[in-house]
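Enquirer: Construct the complete structure from the given sequences, taking the supplied hints into account.
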Amino acid sequence: MDIEVKDAGKITVVAPRGDVDMAVADEVRQRLTGLVDQGRARLVLDLASVMYIDSSGLGALVAAMKHARAAGGDIKVCMLESDVRALFEMTRLNKVLAVHTTRQEAVAAWG
Amino acid sequence: MTPRLLVYTGGVPDAGYVATFHMTSEADQLARMRSWLWTQLVGQALPLEECSAYLVAVGEICNNVIKHAYRGEPGHPITIGLAVRPDRFVIDVEDEGAPYDPRGYTPPDLDTVPEHGMGLFLVRKSVDEVTFDTARPKGTRWRLVKHRVGPPA
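Chains A and B, in that order, give the protein sequences.
So for the first sequence, our numbering puts the first residue at 1; every next one is plus one.
So for the second sequence, our numbering puts the first residue at 1; every next one is plus one.
Misleading hints may appear alongside valid ones.
Claimed, not checked - Taking lysine-lysine pairs in the PhoX-like style, the calculated list, with each CA pair at most 25 Å apart, reads:
1. B:K67 x B:K138
2. A:K10 x A:K66
3. A:K6 x A:K66
4. A:K95 x B:K125
5. A:K66 x A:K95
6. A:K66 x B:K67
In case anyone wonders, no lab produced these hints; they're calculated from the structure.
Expert: Below is the structure:
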């Protein structure tokens, strides 16, 4: 899967492009947890190019979030497409992860 | 709101499909399935929000079939059928793997932020009725129903 990774100061912005389903969920999880293991635990996950996510994909985000938090960081999410936002709400993931409207807002939220 | 049920039906009558789709039990087949399903549902004038919900439900059933019914083995058949009724849409997902065993299902505790076990929960939240039939020579037939909103077509 095409996953853009960009540094923004001490923050790392990760932007997967395409559906995050069972076929790629492990790849997304490994990419995110790998960044944390490299000391880049303050993450912004930009989901603007993700039109579909399934339970495997959501599970990957939860695993990565827990990994980041255990390392003293976290994941802030932004740019949720409406169907993806609906799943975040259905699973209450929007109550657990900070969800921002724009990438700039999410990066700024790290302070 | 119609109750969302997950019940054993013990034999579901054939639905009379307007379209069917065949795939095998590899995760990389799912995108092709979603593309087909989206085209079919939009073509039947189902509202886009409902199409998206159906994509979630059917996708999660297929995930379940690949992971559990076929235990991750590739190459096994999964067939999806779409039936259109005046008052409802019906989608069946059929496999030939290990029959679904509801005793293995525990609703997720969302307060614990689980990494697994949300698939059937999302199915039940995305359609109006969920039934499954294991009274077959092999495998499971899942039936996912969405009621039409408004007057019958």
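Enquirer: All hints are to be evaluated individually against the structure, with a verdict given for each.
Expert: Verification of the hints:
no.: 1; hint: B:K67 x B:K138; in the structure: holds, 17 Å
no.: 2; hint: A:K10 x A:K66; in the structure: holds, 19 Å
no.: 3; hint: A:K6 x A:K66; in the structure: holds, 21 Å
no.: 4; hint: A:K95 x B:K125; in the structure: holds, 18 Å
no.: 5; hint: A:K66 x A:K95; in the structure: holds, 14 Å
no.: 6; hint: A:K66 x B:K67; in the structure: holds, 24 Å
Every hint, counting from the list given before, is met by this structure.
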